[in-house]
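Undergrad: One letter stands for each residue in the lines below.
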Amino acid sequence: MKPRIAFFDMASCEGCQLALLDCEDIFLDLLELVDIVEFREALSETSPRIDIAFIEGSIHREMDADRLRGIRARSRLLVALGACACNGNVQARSNLYSPAGNLGAVYGPGDRDRVQTDPEWWPLWAHTRVRPLRELVRVDYELRGCPMVKEEFLHLLKRLLLGSLPHTAAHAVCVECKQQGNECVFERGETCMGQITWAGCHAICISHGYRCDGCRGLLPDANLAAHRALMRARGLSEETIEDRYRLFCSHEIDRGRP
Amino acid sequence: MDAFLASKRQFLDWLRHTAADTETFFPQPLGEASFQFARVRPDSPLRLEDWDSGTPREAFRASANPVPPGKLLSPPGETLFRFRRDPDGRLEFFPVLDDAPRIIAGIRPCDLHAIHLLDGIQSAGVPDPHYLSRRGHTTLIAHDCLQPCDEHCFCDAVGALRQRQGADLFLTPMEDGLLVEVLSEKGAALVEGAGFSPCGDREARLAWAEGQRARPFGRPLPASPEAIAGILAGSGASPVWREHSERCFSCGTCNLVCPTCYCFDVSDDIDLAAPAEGRRCRTWDGCMLPDFAQVAGGHDFRPGTAARQHHRVARKFQYLPRQMATGSHCVGCGRCGHQCTVDIDIYDIVKDLVERAGP
Ligand code: SF4
Ligand code: SF4
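One line per chain: the protein sequences are X and U, in this order.
Okay, so the first sequence: first residue is 118 according to the numbering used here, each after it adds one.
Okay, so the second sequence: first residue is 1009 according to the numbering used here, each after it adds one.
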């Protein structure tokens, strides 16, 4: 029997699943090798048993946490797909505010009050905090990035189908900058988060003339103290530095990671 | 062997002409303040201005060149071999060797010295056929430096400035153009028909150039490379390692920009459409990277940036020189210090070690 793979989405923009559909050149080959049993972007069936579950998005409400535990229970391997699932992405910044404060800021005071008193609205209130998957269940593999990188997805899938270990290096974006032959962003007098960010993106932003803002998350041993000092020495204000780190890595900063 | 004289213009025109037949690389601007060894195309901006003190932006500086020329001999992601499992389950292997002819020109003595050291390493023990095939099909055109590239240079302190061996053609800047010395058969074949004028006073010209050379040349070190090797051997407990690595990111930049670093990692790539076929590739790795010294089970036998810095410096000044019976494997190009975003400079580390070791 072909391995059954499934895709699920939690709180996300579904951009990773779209990036997945961008793999059209190999999609037909893929379907020869696996059965896609759940995929809201393309299918409406559900399956009692899954070999590899790919989950996009972060967890905000208890009902989503329950759904995630349910998927975990019927999946042999679980893969976090993209920055939201891996580290909470930009939305993790809302963890700095109370749920009521957030609701009020987005929907106004009327809805903020109603959500706390009207049982019909209760599910909205049940939003506690933004959590990446690994805070709730065991995650076997993480495909980082906003959005995830197609080549990494294919690599992981091929390795899992062949029963061998995926080859994901835990090092900085600077490595890929060198492989791409880029000029370092600091050489043109600007700043970059590449030194403390997980590689795997082929330094795509820098290769296209931008800097790294850290969408793949902070490396486990990221030397944040040294990076902060460097950003200060390059003339960035404390507020700007905080904004830069919090854009994609808010959850890791709050967790005291690294 | 022969020597010729050419004007700079004549030389660059000839190089462009040669590049039409053979893939040729020459230093060209990269981004706002850097350089890359890029393919020479009909409209490439080729400059030799650094030989008559042009503006810093025009002058090629080794330290501002993140990918040294020798890396063209081991490109990242290269395929080592292809494999296929036949219907009976037997594996077949098909080696992949790159034998395309190439010319790399505009090489400074530090980078030439680095390629010479790599030649030794890649030929010793189990020779590396992939490197050696590219190397054998590559012609090197190097040139002398009469002035250090910039404040990062310390090539003379580590014995790299006088390097000539390994070059096929060697150029020296003259008041009236370039002295083109032929150092190999390959070089002789390449300049045949170039139309450069024969040079009858090579020795006098070399003596003139020597008189023009800056003295001291680049940053001096307070000890010889041999003495440094000795000091390093007893430096494991030195506070220098921690002091110079507290701000280190383990980003690996210093390894990857180093012209004598050659560590690599291999992985297999398998085609989804044909799972019985694939290729083994290799890419650059570096001892400063956090997962470099990790082994099965997750154990890391060099945890922390201080231990990694010690290893990196000892590789250049102690381990490889002893193992290969050569001089320093740091060629003093200044790349690692310049490219490190927190200015961790191998020169400062070594100088600090020597000074603290006392007389
Ligand atoms: S541009 Fe950023 S990622 Fe690239 S080498 Fe510089 S710091 Fe590292
Ligand atoms: S010394 Fe500098 S370039 Fe080398 S790993 Fe540390 S931070 Fe990166």
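Everything labelled a hint here was simulated from the structure, so no lab data went into it.
A virtual CB, placed ideally from N, CA and C, is assigned to each residue, including glycine.
Watch out, some of these pointers could steer you wrong.
Quick list of the computed label-pair ranges, beta carbon to beta carbon [as the list claims (entries may be wrong)]:
1. Ala350/X / Arg1170/U: 37 to 45 Å
2. Glu355/X / Pro1135/U: 52 to 60 Å
3. Arg1090/U / Asp257/X: 27 to 35 Å
4. Arg1090/U / Lys119/X: 20 to 28 Å
5. Arg351/X / Gly1238/U: 24 to 32 Å
Undergrad: Are any of the numbered hints broken by this structure? If so, which, sorted upward?
TA: Number 5 - this is the single hint that the structure violates.
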